[in-house]
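Heads up: the protein sequence lines correspond to chains A and B, in order. The first sequence: position 27 = 27 (this note's numbering), numbered continuously. The second sequence: position 122 = 122 (this note's numbering), numbered continuously.
These aren't lab readings, by the way, just hints derived from the structure by calculation. Since this is a predicted model, take the numbers as computed values, not measurements. Among the hints, erroneous ones may be present.
The calculated label-pair distances, taken between Cβ atoms and stated as ranges, are [what the hints assert, rightly or not]:
hint, chain 1, residue 1, chain 2, residue 2, range
1, A, Ser96, B, Arg93, 54 to 64 Å
2, B, Glu29, A, Ser96, 29 to 39 Å
3, B, Leu11, A, Leu16, 50 to 60 Å
4, A, Leu16, B, Arg23, 22 to 32 Å
5, A, Phe100, B, Asn83, 38 to 48 Å
6, B, Gly60, A, Val39, 19 to 29 Å
7, A, Arg109, B, Val4, 37 to 47 Å
8, B, Arg89, A, Gly42, 46 to 56 Å
Note that CB positions come from ideal geometry on N, CA and C, so glycine has one too.
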Amino acid sequence: MTARQPVDALRGSLDLLVLKTLSLAPMHGWGISQRVQQVSGGEFAINQGSLYPALQRLERDGLISSEWGVSDNKRQARYYRLTAAGRRALGNEVESWKRFAAALDTVLRTT
Amino acid sequence: MKWVDRARARLRLLFARGAAESRMNREFEFHIDMATEQLMRERNLARDEARRRALAMFGGVEGHKEALRDGLGFPWFRGWSLNVKLAARMSLRYPGVTVVGVLAMAIGIGLGAAYLEAVNDFLHPMLPFDEGDRIVGLQKLGRRAEASRASLGTRLACMAGPAHIRAASRRFSFDQGKHRRRRWFARAGLRR
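Please model the entire structure based on the sequences and the hints provided.
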């Protein structure tokens, strides 16, 4: 098995990160991992071992679609984009994440 | 109906193995190339060194491929052709085991079939005609001599009850004939 993320919370939110990144623009796998790393200020370094299976899983569930395209430096790359179902799922996931974070915060504050 | 779509996707991928494999390869190639270039840019490394580091950071390529392959098709299908070849080779290398296995299966199947046939004849006995289980009436048409020898009633009505049919088939041999009213009748003579 490939190396897992040390923080297991990230594993559950990997789908969320990917969906959110793709909601801004279609991009390829490398681009997704770079963007996440940049935007999180280096906090999240996506493990390659989990990125591509996650992309495959999301595509199989119909949340994203993919096609071949040409990258900035004239290379052929597989571009992923969000589908309508993916957009709905992203909304749901963000909602449930907010609820989760709020509940955790409450618990941590009171106990 | 998510599981239906997922099953359909898996089924499609099952038959598109070659395309999926090449897509995996190209995607990984692209990723590693981009990582190599980034390393060359940021850390001023030579191409070989950068590529080596990029590969190391990527993790085992084969491992990733396996993880992706697990998501394709149905896992137990994937190695089947190899398994069939292996099974054939092993059967040839250990003929004793093969013979014993084949004999066991043959005996089992034969016994089962024979038993089923016997049970079937018991449960659904048939007179030896077409649609023998639907015989409604049996009429004895014989010559005077036969009739006196047989000493039976002239009409034997079976409503296809198994016991009656069994008794009838034991004692009579039949000729099949068609009555003008389109019901099957049989001419019965004594079994020789």
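Mind checking the hinted window 46 to 56 Å against the Cβ distance between Arg89/B and Gly42/A? 54 Å, holds
Given the hint of 38 to 48 Å, is the C-beta distance from Phe100/A to Asn83/B inside that range or not? Holds: the Cβ-Cβ distance is about 45 Å, inside 38 to 48 Å.
Can you let me know if the beta-carbon spacing of Leu11/B and Leu16/A is within 50 to 60 Å? Given a distance of about 29 Å, which is not inside 50 to 60 Å, the answer is violated.
For the range 37 to 47 Å, tell me whether the beta carbons of Arg109/A and Val4/B fit it or not. 44 Å Cβ-Cβ, so the 37 to 47 Å window holds.
That 29 to 39 Å hint for Glu29/B and Ser96/A (C-beta), does it hold up? 36 Å, holds
Distance restraint hint 19 to 29 Å, applied to the beta-carbon atoms of Gly60/B and Val39/A: For Gly60/B and Val39/A the Cβ distance comes to about 28 Å; the hint holds.
Would you say the C-beta atoms of Leu16/A and Arg23/B sit inside 22 to 32 Å of each other? 25 Å, holds
Quick one: are Ser96/A and Arg93/B within 54 to 64 Å, going by C-beta? Since Ser96/A and Arg93/B have Cβ atoms about 57 Å apart, the given range 54 to 64 Å holds.
Violation of the numbered hints given earlier is confined to hint 3; every other hint is satisfied by the structure.
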